[in-house]
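Protein chains: 2
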Amino acid sequence: MARILITSGPTRQYIDAVRYLTNASSGRMGRGLALAALELGHEVTVVTGPVEVEYPEGCRVVPVVSTEEMLEAATAEFELCDGLIGAAAPCDYRPVRIEPGKIAKTGEPLELRLVETADVVATLGAKKGGRWVVGFALESEDHRLRALAKLERKHCDLMVSNGVAAMNSLENEVEVLTPDGQVVGQISGPKDEVARGILAVIAERLIR
Amino acid sequence: MARILITSGPTRQYIDAVRYLTNASSGRMGRGLALAALELGHEVTVVTGPVEVEYPEGCRVVPVVSTEEMLEAATAEFELCDGLIGAAAPCDYRPVRIEPGKIAKTGEPLELRLVETADVVATLGAKKGGRWVVGFALESEDHRLRALAKLERKHCDLMVSNGVAAMNSLENEVEVLTPDGQVVGQISGPKDEVARGILAVIAERLIR
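Chains P and L, in that order, give the protein sequences.
Residue numbers in the first sequence follow the working numbering, run continuously in steps of one, and reach 1094 at the last position.
Residue numbers in the second sequence follow the working numbering, run continuously in steps of one, and reach 1094 at the last position.
Please note that a few of the clues may not be correct.
Straight-line Cα separation of at most 16 Å, EDC-like style, residue types lysine to aspartate or glutamate; simulated pairs [as the list claims (entries may be wrong)]: (1) P:Lys1014 / P:Glu1038; (2) P:Lys991 / L:Glu1027; (3) P:Lys991 / L:Glu1025; (4) L:Lys988 / P:Glu1027; (5) L:Lys991 / P:Glu1025; (6) L:Lys1013 / L:Glu965; (7) P:Lys988 / L:Glu1025; (8) P:Lys991 / L:Asp1028; (9) L:Lys991 / P:Glu1027; (10) P:Lys988 / L:Glu1002; (11) L:Lys991 / P:Asp1028; (12) L:Lys988 / P:Glu1002; (13) L:Lys988 / P:Glu1025; (14) P:Lys991 / L:Glu965; (15) L:Lys991 / P:Glu1002; (16) L:Lys988 / P:Asp1028; (17) L:Lys991 / P:Asp1005; (18) P:Lys1013 / P:Glu965; (19) P:Lys991 / L:Asp1005; (20) P:Lys988 / L:Glu1027; (21) L:Lys1014 / L:Asp1043; (22) P:Lys988 / L:Asp1043.
Source of the hints: derived by calculation from the structure; they are not laboratory data.
Whole structure, please, built from the sequences with the hints as guidance.
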C-alpha cells in the first residue's frame, strides 16, 4: 500500500481578467490513474487543474487553477506521499505581466511576452529523496528520444510517453520507459485500461 | 415565431499543436437563451465553441473551435434567420503564426505576436439588412458606457451588458440597453431566468 500523489488536468495562465493560455487536457488520464490506484488499495491525492471530469470517491482532490498553484499544492502533498504520478499538462508559459482588467481592443497587434513556468515534475523530482516519480511526456515528434531526455531532466523513475492525439481523447496509446531506455510497457485502449496497465508497471517496479 | 441564431461559448485560438488562448465562457447563457427561445416557439440554431453544457433538444447545434470557424458558420446560418443573439465569447486575439508541432521549451522567453480576430457580431451586424442583432458586452469597468459604444460599433438593436463575474458562473446580472441609451431591462438571477427576461425584451421590441 502506497500513498500516491497524482497531478491531473490542464492549468490556466491568465493574461488579463478574462483571457488565458491553456491546453485541452481533460483530466481523464488522471481520473483513470486515481481509479486504478484506488483499486489496488493505495491512498490517492489528486491535485487537479480546472476539469469537467469527476474524480472517484475515495481520493482526496485539491483543485488549483495556475501552474504556480499546482506546484505549491503538489509540493505540500508530496511531503506526505511515497510517489508522484505527474499526469497533468500544466501550462508551461505565463505572461510576464497580467493585466488586472480586461485588455480593451485597439485594432493594433498585442505583443505578449511569455516566460516558462516552473516545471512541477522536475521541481519535485529534484528533491524526491527516497520517493519515486513517474512523469508523462506529450510530444508531437521524436516521442521516445524526447521522453527519455525529459525522464533524465526531471529525475523520473519511469516516463510515460504519448502523442498529441491523447489530449482530450477517450483513448490513449503509451510507452513506459525506464531510465536506461528500456520500454517496459506498451499499452493502448480506453484511458481507464491504459491507467491500469501503467499502475501495474509502477506496482512491479516502484512499490515494494 | 422567429428563426433565431445564437452564438455561444468560448472559442480557442491555438498557438501550436497543444497550447491555445481562450476564456472561461461556459455556454450556460447561450443554453439558457436557446431554452427560452424554444419555450416561446421560436426556431433556434446555436453556433457554439467547445463547451461541456448540453444544448436543449429541439435546437440545431453547429460546433466550432476557432473564431474564424464561428464567423464562417454564423455567417452561413444568419442568412436563414430573422435575428442574432451573440452570446458567445469568441477569443478576440490570434497568433500571427501557428506552430504546426508542439513548441519545445528552451528556457528563453517566448514572444507571441497576437492580432485581433474578426468580430463575429460586428461583421454580421454590418450586413444585417432587415434582421435584428442583439450583442453581449462583458466589461470589467465602465459597463454601461462601453456597452453603448459596442452597440453602436456592432450595429446592434439591443446590447446586453454584464460584468466579468458572469463568466463560468451559474448566475448573471445584466442590463439591456437600446441604441438611444435607455435601460429597458435589469435582470439578475440564475442564467436560465435571466435568459427568459432577455427573450421577453427581444420579443417585445424586435419580434413582431
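Right, here's what the structure says about each hint:
For the hint pairing Lys1014 (chain P) with Glu1038 (chain P), the CA-to-CA distance comes to about 14 Å; that is within 16 Å, so the pair holds. A C-alpha spacing of about 14 Å is found between Lys991 (chain P) and Glu1027 (chain L), which places the hinted pair at or below 16 Å, so the restraint holds. This hinted pair checks out: Lys991 (chain P) and Glu1025 (chain L) have alpha carbons roughly 12 Å apart, not beyond 16 Å. The suggested pairing of Lys988 (chain L) with Glu1027 (chain P) holds, with an alpha-carbon distance near 8 Å, which does not exceed 16 Å.
A hinted pair counts as satisfied when its Cα atoms are at most 16 Å apart, and Lys991 (chain L) with Glu1025 (chain P) qualifies at roughly 12 Å. A threshold of 16 Å between alpha carbons decides the hint, and for Lys1013 (chain L) with Glu965 (chain L) the separation of about 10 Å falls inside it, so the pair holds. Between Lys988 (chain P) and Glu1025 (chain L) the alpha-carbon distance is near 7 Å, which keeps this suggested pair within the 16 Å criterion. The straight-line distance between the Cα atoms of Lys991 (chain P) and Asp1028 (chain L) is roughly 15 Å, inside the 16 Å bound, and the hint therefore holds.
At roughly 14 Å between alpha-carbon atoms, Lys991 (chain L) and Glu1027 (chain P) fall within 16 Å of each other, so this suggested pair holds. Using a Cα cut-off of 16 Å, the hinted pair Lys988 (chain P) and Glu1002 (chain L) holds, with the two alpha carbons roughly 14 Å apart. A C-alpha spacing of about 15 Å is found between Lys991 (chain L) and Asp1028 (chain P), which places the hinted pair at or below 16 Å, so the restraint holds. Distance check on the hinted pair: Lys988 (chain L) and Glu1002 (chain P) sit about 14 Å apart at the alpha-carbon level, within 16 Å; holds.
In summary, the hint linking Lys988 (chain L) to Glu1025 (chain P) is supported, as the alpha carbons are separated by about 7 Å, within the 16 Å threshold. A threshold of 16 Å between alpha carbons decides the hint, and for Lys991 (chain P) with Glu965 (chain L) the separation of about 28 Å lies outside it, so the pair is violated. Pair hint Lys991 (chain L) plus Glu1002 (chain P) holds up; C-alpha atoms about 8 Å apart against a cutoff of 16 Å. Between Lys988 (chain L) and Asp1028 (chain P) the alpha-carbon distance is near 11 Å, which keeps this suggested pair within the 16 Å criterion.
Taking the CA atoms of Lys991 (chain L) and Asp1005 (chain P), the gap is about 11 Å. The hint holds against a cut of 16 Å. Only pairs whose Cα atoms come within 16 Å are accepted, and Lys1013 (chain P) paired with Glu965 (chain P) is accepted, the gap being roughly 10 Å. Between Lys991 (chain P) and Asp1005 (chain L), the direct Cα distance comes to roughly 11 Å. Compliance with the 16 Å bound is thereby established for this hinted pair. A threshold of 16 Å between alpha carbons decides the hint, and for Lys988 (chain P) with Glu1027 (chain L) the separation of about 8 Å falls inside it, so the pair holds.
In summary, the hint linking Lys1014 (chain L) to Asp1043 (chain L) is supported, as the alpha carbons are separated by about 11 Å, within the 16 Å threshold. Taken as a hint, the Lys988 (chain P) and Asp1043 (chain L) pair is broken in the structure, with Cα atoms around 24 Å apart against an allowance of 16 Å.
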